[in-house]
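Chemist: Once you have looked at the hints, place chain B on chain A.
Residue numbers (the working numbering), protein chains in the order written: chain A, 1 to 207; chain B, 1 to 282.
Don't take each hint at face value.
[Said to hold, decoys possible] Here are the simulated distance ranges between beta carbons:
(1) A:60 / B:220: 24 to 32 Å
(2) A:102 / B:142: 50 to 58 Å
(3) A:91 / B:279: 50 to 58 Å
(4) A:91 / B:190: 48 to 56 Å
(5) B:219 / A:2: 19 to 27 Å
(6) A:133 / B:223: 20 to 28 Å
(7) A:62 / B:187: 27 to 35 Å
(8) A:80 / B:123: 28 to 36 Å
(9) A:55 / B:138: 43 to 51 Å
(10) A:204 / B:168: 54 to 62 Å
(11) A:91 / B:236: 25 to 33 Å
(12) B:262 / A:59: 23 to 31 Å
(13) A:55 / B:200: 34 to 42 Å
[To be verified] Selected chain A positions facing chain B (in silico; Cβ < 7 Å):
(14) 117
(15) 163
(16) 166
(17) 193
[Unchecked claim] Just so you have them, the derived chain A footprint on chain B, three or more residues with Cβ under 8 Å:
(18) 214-228
(19) 247-254
Derived from the structure by calculation, the hints contain no laboratory data.
None of these values were measured; they are calculated from a predicted model.
Glycine is no exception: its CB is placed at the ideal position from the N, C-alpha and C atoms.
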Amino acid sequence: MRWTPCGPCAVLIEFPEHIGARARAIEEMLVVDPTVADFAIAFDKLLIEFVPGTPVDAAHWLRRLEALPISANIEPTTHEIPVVYDGPDLIEVAERHGLTREELIELHSTPVYEVALLGFAPGFPYLSGLDSRLHTPRRANPRPTVPAGAVAIGGSHAGIYSVPTPGGWNLIGMTNARLFDPQRREPDESAMFLLRPGDRVKFTPVP
Amino acid sequence: MKVLEVRSVGLGATVQDMGRGGWKRFGVPPSGAMDPHAAARANRLVGNPDDAPVLELLMQGAAFRVLAPRRFAVAGAEAGAIIPAWQARLLSRGTTLAFPRCMKGLWTYVAVEGGFVAERILGSASAYPRGGIGRELRAGDRLEAGHPISPGRLSASWLYPCECRNYDDPPLIRVWPGPQWEQFDDMERAGFFSAEWEISNRSDRVGYRLEGARMNAPALGMCSEPVVMGSIQIPPNGQPIVTMRDGPTVGGYPKIGIVDPDSLPWLAQCRPGVKFRMAPAE
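Just chain A, same shape as in the assembly (with noise of 0.2 Å):
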């Protein structure tokens, strides 16, 4: 593990490997913990801010985290999202590819993703296990409104748009799974968001 700092109060952490199902583990070691103010993690880094004031001691946390088992016992939480594969760059994608509209639905929906990261808008993930025959390019020109529940593939990943954005991804269907509904908040508000880092995705074609 290597870390950098970040300004005056936080460091920047980078795993050997994506950070992945550890995830879990590091989110509950974090959240108890009163000098840390916020963190985020994305692919094989994990980014702490402390609380202003509070001394970065990085040397201690690298050992905390070494000290993590690699699942730490939590597994993690599987999504079943439900896709109509409708969406308008759908033929363009499958063309592009040498593919039938069904052969594309086939490999989209196969692999079991794992968010590697949520970030560009709230609740937004970036999904690694993309079918190497499906990476795409993001589209030169951006749509300006792309809906929440648009199910994309942007160049190596899937994703799933959470809130209503402009966006470059390539759109392939949709769901009802709303990834960020600020209405649902019991138990809490975490309840926000669907997905958490570290969690799995099976996208279930529906007909």
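Modeler: Same frame as chain A, now just chain B:
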């Protein structure tokens, strides 16, 4: 009690407080007042805690009608209202509080005694409309104020002169090394600190684009990584982008530096045309 009606929002108006922390792992940026120094001073002038919700106005064009007599304070950018920046006044019912012409800075804060009442989502009243949290204010909105927080308590009716900032004359903007600082070559690093910078018109609560020198970013082929507020990213076109309060929580461009949290409010108030320099933070 409803104290203010929005007549016009001008270039943009939202409710902000000091922002929300602790949700970055879900992709939620901090949001909050772009100039927390000014927002806190507006609150102090009317006896509120520093983090009470305030109105944040971009430059000019916003106008309000007072629905009930209260003390209001204005701080931050000077935009020509009947309450000058860094002052508080009791306004009577029917008064128009308009911000017709922004002369200094970018963001003006309006506080009311008792604080504006706004729904708290994820621990903050700050609107982040782009992310589906809260919304921009609209003409016709009627804004409510809470009860004065400590009735009878004398509020600070003045500020020290040094608290009243002149945004046309920013100090050196202090910058910490970014995570990829070591990967920029010496020429780039020296050029970054010797250049005279200003912000581009294409700047908003998400990010400020800087103009002044063209930077050469190292080709690192990075994955996206989590970013802190104030991160200075260098995209392939060489024009630095500073992550501001509604900026994404992850970014994939090399980051040469991170603006010090104490300098960021100054940077936030630099309007296009105001030149500033950057220097290493200690």
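Chemist: For this structure, which hints from the list above don't hold up?
Modeler: Hint 16 contradicted; others consistent.
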